[in-house]
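Peer 1: For the record, the sequence lines run as chains A and B.
Take the working numbering: the final residue in the first sequence is number 803, and no numbers are missing along the way.
Take the working numbering: the final residue in the second sequence is number 453, and no numbers are missing along the way.
Hints listed in this document are in silico derivations from the structure and should not be mistaken for laboratory results.
Careful: at least some of the hints might be erroneous.
Calculated cross-link-like contacts (lysine to any residue; reagent style SDA-like; alpha-carbon spacing at most 20 Å) [as the list claims (entries may be wrong)]:
id : chain 1 : residue 1 : chain 2 : residue 2
1  : A       : 567       : B       : 252
2  : A       : 719       : A       : 699
3  : A       : 567       : B       : 282
4  : B       : 304       : A       : 577
5  : B       : 239       : B       : 256
6  : A       : 567       : B       : 184
7  : B       : 449       : B       : 256
8  : B       : 197       : B       : 118
9  : B       : 428       : B       : 252
10 : A       : 567       : A       : 577
11 : B       : 408       : B       : 128
12 : B       : 442       : A       : 565
13 : B       : 304       : B       : 212
14 : A       : 567       : B       : 439
15 : B       : 442       : A       : 564
16 : A       : 754       : B       : 128
17 : B       : 403       : B       : 136
18 : A       : 567       : B       : 306
19 : B       : 263       : B       : 252
20 : B       : 261       : A       : 664
21 : B       : 449       : A       : 588
22 : A       : 754       : B       : 282
23 : B       : 449       : A       : 699
24 : B       : 163       : A       : 565
25 : B       : 442       : B       : 452
26 : B       : 442       : B       : 222
27 : B       : 442       : A       : 560
28 : B       : 261       : A       : 565
29 : B       : 197       : B       : 217
30 : B       : 428       : B       : 316
31 : A       : 567       : B       : 170
32 : B       : 403       : B       : 212
33 : B       : 263       : A       : 577
All figures in this text were calculated on a predicted structure; none of them were measured in a lab.
Now for the letters of each chain:
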Amino acid sequence: MTIAAAVGPARRRARIAYLLLLPGVAWLAIFFIIPLISLFFTSLQVSTGSSGKYKAGFNWRNYVEALSEYWEFFLRALIYAGIATVLALVIAYPLAYFIALKAGRWRALMLVLVVAPFFASFLLRTYAWKTILADDAVITQTLNALHLLPDGRILNTSIAVIAGLTYNFLPFMILPLYAALDKIDPRLIEAGSDLYASPFTTFRKVTWPLSMPGVVAGTLLTFIPAAGDYINAELLGSTKDKMIGNAIQTNFIEFRDYPMASALSFILMASILIIVTVYIRRAGTEELV
Amino acid sequence: MSERPLSREAKALIAMSRTSLSRRRILQVAGVGGVAAVVAACGAGGGDGSSSAAAPSPTVTDKSDTDKTVVWSNWPLYIDEDDSGGRPSLAAFEKQTGITVTYNDDVNDNNEFYAKVRTQLESGQSIDRDIVTLTDWMAALWIRNGYVQKLDRAVLPNAANLIPRLADVAFDKPRDYSLPWQSGFGALGWNKAALKSVLGTDTMTSIDQLFDPKLKGKISVLSEMRDTMGILIAWQGNDPSNFTEDQFNQALDALQKQIDSGQIRQVAGNDYAGAMESGDVTAVIGWSGDMFQLGPDFGVGLPETGGMLWTDNMIIPASSEHAKNASILMNYYYDPKVSAEVAAYVQYICPVVGAKEEMAKIDPALVDNQWIFPSDETFAKSYVFMELTPEQDEKYQRAFQKAIGN
């Protein structure tokens, strides 16, 4: 057998592999990379002095202005999204644990219930929270009676924004956690107790490390969209709770300041990328995500 | 205030408009997310971001006589509807003229709609619409940039029915390019019972009452700069139709103070109506028609220092190939009888002379309604916001948005 004949099928296999990549790569190129490049050049455009009109250029000052004018919005977005992510993890972990390991025949039903809110639009779900958190609603009345609310209300405060973010992105936390916990071999947990580990030690040494891929995926899937969200701040917050998404929206729609909106988007993307990179390195699960 | 029997469907629709799909603004939050907006920005701003050429001269040939269609973009809940969701006045028009109307309620926000079609407008491409309904200042921007066709008065004899108060506008003298669809007031609105329990009265006549510390955290103002700022400028004794930058800033300081103190709970688009119903806010600067629709438990009135009068105008885009059909449609709605039908449903200010007399036959209770047929006295208590240059507009918008936390 000649060498050429041996190489043939391998080459063909490689070609097929590239062909399989084609749809995904083309999709990304057209709808992500090209817009991203365009966005980058927009972010460097120069004002022509008349409103809403810009010309090509390399105006790096847009970035300086974006940061100096909107740093509070960035900070707020990262803090709100961070708190919401932690809350979602605290709520989701026990739930996912229960579904994966204890739910038995109720498992399918419970998973459907987790996903069910997605059948209603994001916007309507957030509107529903306006009713849930209204001044006359039970929750607000109860917490007020206990003197737990500094403003005497929940709606139109940062509490409402964080609560809304937590709720809206909760399924993104539950599902990866469930997938990770479901994969754990129960015999490993049994082995823990066989080796005289307390339930807590078993959890700390066995379950938690094995669920790390789910924790990392879930926190990323929650944090990233929450940091860029603006609907919760718009509908549930007050004038002092606006996040970076709101600033981008205002610059784009109200001011028609496209360079500024683009620069803000780029800074948001970059800061999320940095945070995520550091986080994944610290979490030490490169091979798992 | 009259209690009108509404169909269940209409009630449901109105209820929906309050809580979810508000008429004027709220869906700006829906489709145009940060990311979506930014992607759109690429389409708009990429490549030659300059696009300084202002007016693409329309070189369209009118196909109205052969192609009997017209496409109209209007605000949600802004035309009469029957129980089954049909639009009786439009159906009658189609039957009468043989022109098929595609009616879109896809204008939720002036700026958002403009962002959607801006690229096509600038390059002189069709925006696939023959009539668009835009608020004064946005209509002014379109006319100034040459995006609008001149109206053909020969096909529009009923345009003479336009009420005099709306005939004379700075941005379009003498209404060569635009015709009002409906108008309304930026005004005070309040929950009668809640106000009485706090202030001891169930009527509001001044902004001073709105800023009474007893109402702290229970009031809301509009995110529409012209309505909120206009009312505050008038409150400070200045003229919203003709003010200086200092006077604007002075009013803005007052607004900022009320926001910082927590007096103003939220700055809202249209969703303030839902907050009024749920009891979260007691008093607002809002829109007359919305508050009138809330029913007899709620009061609406112009502040004694003056309210704001705004108009949503029908214009024909320069690229429209059905300008004649569009004009025939406008002419139809300037028939007093037809406009009275619309007014009875949407309950905003009817811009047509003679509609009041027609209203007597439809719903006599609405004839003396100041929010549909304002008297000269009511009109005299209102201002039209000063026309701003694009530069002034940008400067004031930025200052205003900053004050309201954007």
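Peer 1: Each of the hints needs a verdict: does it hold here or not?
Peer 2: The hints, checked one at a time:
With a C-alpha separation of about 43 Å, the suggested pair residue 567/A and residue 252/B falls outside the 20 Å cut-off, and the hint is violated. The straight-line distance between the Cα atoms of residue 719/A and residue 699/A is roughly 14 Å, inside the 20 Å bound, and the hint therefore holds. A threshold of 20 Å between alpha carbons decides the hint, and for residue 567/A with residue 282/B the separation of about 35 Å lies outside it, so the pair is violated. Restraint check for residue 304/B and residue 577/A: not satisfied, since their Cα atoms lie roughly 30 Å apart, outside the 20 Å limit.
Distance check on the hinted pair: residue 239/B and residue 256/B sit about 13 Å apart at the alpha-carbon level, within 20 Å; holds. The suggested pairing of residue 567/A with residue 184/B holds, with an alpha-carbon distance near 18 Å, which does not exceed 20 Å. Annotation: proposed proximity of residue 449/B to residue 256/B is violated, straight-line Cα distance about 25 Å (limit 20 Å). This hinted pair checks out: residue 197/B and residue 118/B have alpha carbons roughly 17 Å apart, not beyond 20 Å.
The suggested pairing of residue 428/B with residue 252/B holds, with an alpha-carbon distance near 12 Å, which does not exceed 20 Å. In summary, the hint linking residue 567/A to residue 577/A is supported, as the alpha carbons are separated by about 18 Å, within the 20 Å threshold. A C-alpha spacing of about 18 Å is found between residue 408/B and residue 128/B, which places the hinted pair at or below 20 Å, so the restraint holds. Distance hint between residue 442/B and residue 565/A is fulfilled; the C-alpha atoms sit about 10 Å from each other, no more than 20 Å.
The hinted pair formed by residue 304/B and residue 212/B fails the criterion: a straight-line CA distance of about 35 Å is larger than 20 Å. In summary, the hint linking residue 567/A to residue 439/B is supported, as the alpha carbons are separated by about 15 Å, within the 20 Å threshold. Pair hint residue 442/B plus residue 564/A holds up; C-alpha atoms about 11 Å apart against a cutoff of 20 Å. Note on residue 754/A and residue 128/B: the hinted pairing is violated, with a Cα-Cα distance of about 39 Å set against a maximum of 20 Å.
About 17 Å separates the Cα atoms of residue 403/B and residue 136/B, which keeps this hinted pair within 20 Å; it holds. Of the supplied pair hints, the one linking residue 567/A and residue 306/B is violated, its CA atoms being roughly 32 Å apart against a limit of 20 Å. This hinted pair checks out: residue 263/B and residue 252/B have alpha carbons roughly 18 Å apart, not beyond 20 Å. Restraint check: the Cα-Cα separation between residue 261/B and residue 664/A comes to about 17 Å, which is no more than 20 Å; the hinted pair holds.
Of the pairs offered as hints, the one joining residue 449/B and residue 588/A holds, with about 15 Å between alpha carbons and a cut-off of 20 Å not exceeded. For the hint pairing residue 754/A with residue 282/B, the CA-to-CA distance comes to about 25 Å; that exceeds 20 Å, so the pair is violated. Of the pairs offered as hints, the one joining residue 449/B and residue 699/A is violated, with about 55 Å between alpha carbons and a cut-off of 20 Å exceeded. Proposed proximity of residue 163/B and residue 565/A is supported: the alpha carbons are some 17 Å apart, at most 20 Å.
At most 20 Å may separate the alpha-carbon atoms for a hinted pair to count; residue 442/B and residue 452/B meet this at roughly 16 Å. Note on residue 442/B and residue 222/B: the hinted pairing is violated, with a Cα-Cα distance of about 28 Å set against a maximum of 20 Å. Between residue 442/B and residue 560/A the CA atoms are separated by roughly 17 Å; this keeps the pair inside 20 Å, and the hint holds. Annotation: proposed proximity of residue 261/B to residue 565/A is violated, straight-line Cα distance about 41 Å (limit 20 Å).
Our distance criterion of 20 Å between C-alpha atoms is met by residue 197/B and residue 217/B, whose separation comes to about 16 Å. This hinted pair does not check out: residue 428/B and residue 316/B have alpha carbons roughly 24 Å apart, beyond 20 Å. Between the alpha carbons of residue 567/A and residue 170/B the distance comes to roughly 13 Å, so the proposed pair stays at or under 20 Å and holds. Between the alpha carbons of residue 403/B and residue 212/B the distance comes to roughly 15 Å, so the proposed pair stays at or under 20 Å and holds.
The suggested pairing of residue 263/B with residue 577/A is violated, with an alpha-carbon distance near 38 Å, which exceeds 20 Å.
The structure does not agree with the numbered hints 1, 3, 4, 7, 13, 16, 18, 22, 23, 26, 28, 30, 33 stated previously, though it agrees with the rest.
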